Amino acid sequence: MTKQVVPLDRVIIRFAGDSGDGMQLTGDRFTSETAAFGNDLSTLPNFPAEIRAPAGTLAGVSSFQLHFASRDIMTPGDAPNVLVAMNPAALKANLADVPRGGSIIVNTDEFTKRALQKVGYEGNPLEDGSLDSFRVHPIALTSMTVEALKDFDISKKDAERSKNMFALGLLCWLYNRPVEGTIAFLEQKFGKKPEILAANVAAFKAGFAFGETTEDFAVSYEVKPAPMAAGTYRNITGNVALSYGLVAAGQRSGLPVFLGAYPITPASDILHELSKHKRFDVTTFQAEDEIAAIGAALGASFGGALAVTTTSGPGIALKAETIGLAVSMELPLVVIDVQRGGPSTGLPTKTEQADLLQAMFGRNGEAPVPVIAPRSPVDCFDAALEAARIATKYRTPVFLLSDGYLANGSEPWSIPSVDDLPDLRVEFATAPNHELPDGTEVFWPFKRDPQTLARPWAVPGTAGLEHRIGGIEKADGSGNISYDPTNHDFMVRTRQAKVDGIAADIEPLEVEDPSGEAEVLVLGWGSTYGPIGAGCRRVREAGGKVAQAHLRHLNPFPANTGEVLRRYRRVLIPEMNLGQLSMLIRAKFLVDAISYNQVRGLPFKAEELAGVIEDVMKSV
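For this note's numbering, count along the sequence shown from 1 and bump the result up by 1.
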């Protein structure tokens, strides 16, 4: 039968089910096909905080939201147009986000009396009229999948596990997605298990065919490709982009890359990804704990490697002493903090940006460390290069603050040409650099570059460049242990001046103010870029005048930050914390910034921020 194809400019889909239902795989595959089709897209995987939560419970619900469009988009979307609910728990956990009139595809096989009672339903919402304001498509996904696979030599349990592929096939038909990529993916994933492969492909095709033949779906939808600059694109997550950025930094600097890491959610994928790239002179060391991980990395830095350690907030707390040691030794080290909900264990799978003050001040003594933060999954690649550049040029540890939203979220990435990447080549010390009064030539490990204030980087074993290293204060120049009060004061001020001087070596803060008449500036950092940008776009479309600026460098701030802030009557700073950037801005620039804070483990919604911006504009 021929069905009508309805054009749409954008769609938001959310797949939801138990953590064992394959929702992340389903969402990832749909995303990959969407990227191949040429849409702009943004995703939000949302994992259960309890990894082993009981099946069929609210705590065990896993979801994957995808926003794709025929135009430029900035967020995974506020509310899903389509919810695919694999069981009652998935429906109950996500229903509040679905707008009236939205579509809900429900796996009716799971709506048993026991499953309903487990999540607190007194009756069946598919029968009691509570879903009348939605377009509900009840589909027996499990039993239809089992029926489609009855001729395959697999267990009923394995057949039931393929229901996510049935749902994926249905959605691919519904939104006219290509199917070749998914079939190729399944062939690669299950190539050594031919029966499982054949079953998954059959379930996927059965779902597609069901969409074509069922009367429940009278139309399908098409979202045309978005206009995008010429280039080769791939879909990429923030963690993978960070990994590729580190590999690229190693290649452009000519240094071997060493990663010392303890696996921790949500940073573990960086370790997993980098371990695949040994051919690019990348060494990964999976340590027994966080302290061993950064200790190994710092040792690698002393040995002349581009050293990296990855973790999340609780790991940063453990690494603090060694970061202070790196500050004292003035060695390059990239410290990646993929922020998550806290404190303590907190919400390991949920996003937050509450580690800013920890990165700024979470060490004993005066221990300044540059801090940068990517703004999107794709920007993680460039942020990794920038962190490596600053670390090696200024001989300092550098914080890179990502978060769970960026780490697991994805978007199309235009693969750059290697020749267009920055030149990060490093010059090691190879000869003595100081002459004593008696004419003897010696190596002084703390004789600084007059421009950067960076000390020389001498690889151990270089003849004539032997020097002492460690955490006790050193004398300026010679590097001898020193307890002199005046020298300590000088060294503290010099280390601070070195970090402050980076402000002259970074891009100025840019302001997006199309009208040039805005009186309100919305300032953000990290992953709030997308929601703030989308919120500002909504305000402008409604006739409002608002400016937006986004900080990538948080220590030091860009040199023109104060001048930018003073242009506007009101400065609004939305953050996924209780006002940490606001505190820094108020203290440094004496600007009465307005904080808007939320700590929910989820990114801001654009509609919500648009409302906040409008309220601030009314107060001007």
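FYI, nobody ran anything at the bench for these hints, they're computed from the structure.
Treat the numbers as computed from the prediction; the structure is a model and nothing was measured.
Treat each hint with caution, since some may be false.
When the alpha-carbon atoms are kept at most 25 Å apart in a straight line, the in silico SDA-like pairs for lysine to any residue are as follows [as the list claims (entries may be wrong)]:
{"hint": "1", "residue 1": "114", "residue 2": "56"}
{"hint": "2", "residue 1": "93", "residue 2": "154"}
{"hint": "3", "residue 1": "151", "residue 2": "225"}
{"hint": "4", "residue 1": "206", "residue 2": "216"}
{"hint": "5", "residue 1": "225", "residue 2": "197"}
{"hint": "6", "residue 1": "93", "residue 2": "599"}
{"hint": "7", "residue 1": "114", "residue 2": "181"}
{"hint": "8", "residue 1": "93", "residue 2": "110"}
{"hint": "9", "residue 1": "606", "residue 2": "159"}
{"hint": "10", "residue 1": "158", "residue 2": "57"}
{"hint": "11", "residue 1": "279", "residue 2": "110"}
{"hint": "12", "residue 1": "193", "residue 2": "273"}
{"hint": "13", "residue 1": "394", "residue 2": "429"}
{"hint": "14", "residue 1": "546", "residue 2": "598"}
{"hint": "15", "residue 1": "193", "residue 2": "154"}
{"hint": "16", "residue 1": "589", "residue 2": "484"}
{"hint": "17", "residue 1": "206", "residue 2": "279"}
{"hint": "18", "residue 1": "158", "residue 2": "131"}
{"hint": "19", "residue 1": "225", "residue 2": "72"}
{"hint": "20", "residue 1": "448", "residue 2": "431"}
{"hint": "21", "residue 1": "93", "residue 2": "151"}
{"hint": "22", "residue 1": "589", "residue 2": "225"}
{"hint": "23", "residue 1": "277", "residue 2": "235"}
{"hint": "24", "residue 1": "4", "residue 2": "21"}
{"hint": "25", "residue 1": "279", "residue 2": "124"}
{"hint": "26", "residue 1": "589", "residue 2": "468"}
{"hint": "27", "residue 1": "606", "residue 2": "348"}
{"hint": "28", "residue 1": "158", "residue 2": "273"}
{"hint": "29", "residue 1": "190", "residue 2": "217"}
{"hint": "30", "residue 1": "158", "residue 2": "189"}
{"hint": "31", "residue 1": "206", "residue 2": "141"}
{"hint": "32", "residue 1": "546", "residue 2": "506"}
{"hint": "33", "residue 1": "4", "residue 2": "114"}
{"hint": "34", "residue 1": "93", "residue 2": "131"}
Ranges of calculated distance between the beta carbons of each label pair, as one might list FRET restraints [what the hints assert, rightly or not]:
{"hint": "35", "residue 1": "194", "residue 2": "141", "range": "49 to 57 Å"}
{"hint": "36", "residue 1": "362", "residue 2": "121", "range": "27 to 35 Å"}
{"hint": "37", "residue 1": "114", "residue 2": "51", "range": "42 to 50 Å"}
{"hint": "38", "residue 1": "620", "residue 2": "567", "range": "12 to 20 Å"}
{"hint": "39", "residue 1": "358", "residue 2": "467", "range": "35 to 43 Å"}
{"hint": "40", "residue 1": "358", "residue 2": "567", "range": "18 to 26 Å"}
Glycine residues also receive a C-beta, built at the ideal position from the N, C-alpha and C atoms.
Evaluated hints:
With a C-alpha separation of about 15 Å, the suggested pairing of residue 114 with residue 56 holds against the 25 Å cut-off. Only pairs whose Cα atoms come within 25 Å are accepted, and residue 93 paired with residue 154 is rejected, the gap being roughly 35 Å. With a C-alpha separation of about 37 Å, the suggested pair residue 151 and residue 225 falls outside the 25 Å cut-off, and the hint is violated. For the proposed pair residue 206 and residue 216, the alpha carbon gap of about 18 Å is at most 25 Å, so the pair holds.
Under the criterion of a C-alpha separation no larger than 25 Å, the hint pairing residue 225 with residue 197 is inconsistent with the structure, at around 34 Å. Simply put, residue 93 and residue 599 have alpha-carbon atoms about 23 Å apart, close enough for the 25 Å limit, and the pair holds. Between residue 114 and residue 181 the CA atoms are separated by roughly 39 Å; this puts the pair beyond 25 Å, and the hint is violated. Restraint check: the Cα-Cα separation between residue 93 and residue 110 comes to about 16 Å, which is no more than 25 Å; the hinted pair holds.
Of the supplied pair hints, the one linking residue 606 and residue 159 is violated, its CA atoms being roughly 38 Å apart against a limit of 25 Å. For the proposed pair residue 158 and residue 57, the alpha carbon gap of about 16 Å is at most 25 Å, so the pair holds. The hinted pair formed by residue 279 and residue 110 fails the criterion: a straight-line CA distance of about 47 Å is larger than 25 Å. Between the alpha carbons of residue 193 and residue 273 the distance comes to roughly 22 Å, so the proposed pair stays at or under 25 Å and holds.
For the hint pairing residue 394 with residue 429, the CA-to-CA distance comes to about 11 Å; that is within 25 Å, so the pair holds. Using a Cα cut-off of 25 Å, the hinted pair residue 546 and residue 598 holds, with the two alpha carbons roughly 22 Å apart. Restraint check: the Cα-Cα separation between residue 193 and residue 154 comes to about 15 Å, which is no more than 25 Å; the hinted pair holds. Straight-line distance between C-alpha atoms of residue 589 and residue 484 comes to about 32 Å, which puts the hinted pair past the 25 Å bound.
A hinted pair counts as satisfied when its Cα atoms are at most 25 Å apart, and residue 206 with residue 279 does not qualify at roughly 38 Å. Among the hinted pairs, residue 158 with residue 131 is inconsistent with the structure: their alpha-carbon atoms are about 32 Å apart, more than 25 Å. With a C-alpha separation of about 9 Å, the suggested pairing of residue 225 with residue 72 holds against the 25 Å cut-off. Pair hint residue 448 plus residue 431 holds up; C-alpha atoms about 14 Å apart against a cutoff of 25 Å.
Note on residue 93 and residue 151: the hinted pairing is violated, with a Cα-Cα distance of about 31 Å set against a maximum of 25 Å. Restraint check for residue 589 and residue 225: the C-alpha separation of about 47 Å exceeds 25 Å, so the hint is violated. Of the supplied pair hints, the one linking residue 277 and residue 235 holds, its CA atoms being roughly 18 Å apart against a limit of 25 Å. A distance of roughly 34 Å separates the Cα atoms of residue 4 and residue 21; the hinted pair therefore is violated under the 25 Å criterion.
Of the supplied pair hints, the one linking residue 279 and residue 124 is violated, its CA atoms being roughly 56 Å apart against a limit of 25 Å. Restraint check for residue 589 and residue 468: the C-alpha separation of about 38 Å exceeds 25 Å, so the hint is violated. With a C-alpha separation of about 20 Å, the suggested pairing of residue 606 with residue 348 holds against the 25 Å cut-off. Proposed proximity of residue 158 and residue 273 is contradicted: the alpha carbons are some 30 Å apart, above 25 Å.
Of the pairs offered as hints, the one joining residue 190 and residue 217 is violated, with about 32 Å between alpha carbons and a cut-off of 25 Å exceeded. Between residue 158 and residue 189, the direct Cα distance comes to roughly 22 Å. Compliance with the 25 Å bound is thereby established for this hinted pair. Taking the CA atoms of residue 206 and residue 141, the gap is near 16 Å; set against the 25 Å cutoff, the hint holds. The straight-line distance between the Cα atoms of residue 546 and residue 506 is roughly 32 Å, outside the 25 Å bound, and the hint therefore fails.
With a C-alpha separation of about 36 Å, the suggested pair residue 4 and residue 114 falls outside the 25 Å cut-off, and the hint is violated. For the hint pairing residue 93 with residue 131, the CA-to-CA distance comes to about 12 Å; that is within 25 Å, so the pair holds. For the pair residue 194 and residue 141, the supplied restraint of 49 to 57 Å is violated, since their beta-carbon distance comes to about 26 Å. Between residue 362 and residue 121 the Cβ separation comes to about 44 Å, which falls outside the hinted range of 27 to 35 Å.
Between residue 114 and residue 51 the beta carbons are some 25 Å apart, a value that contradicts the proposed interval 42 to 50 Å. Between residue 620 and residue 567 the beta carbon distance is about 18 Å. The supplied range of 12 to 20 Å therefore holds. The given range of 35 to 43 Å is respected by residue 358 and residue 467, whose C-beta atoms sit roughly 39 Å from each other. One distance hint, 18 to 26 Å for the beta-carbon pair residue 358 and residue 567, holds here, with the actual separation near 24 Å.
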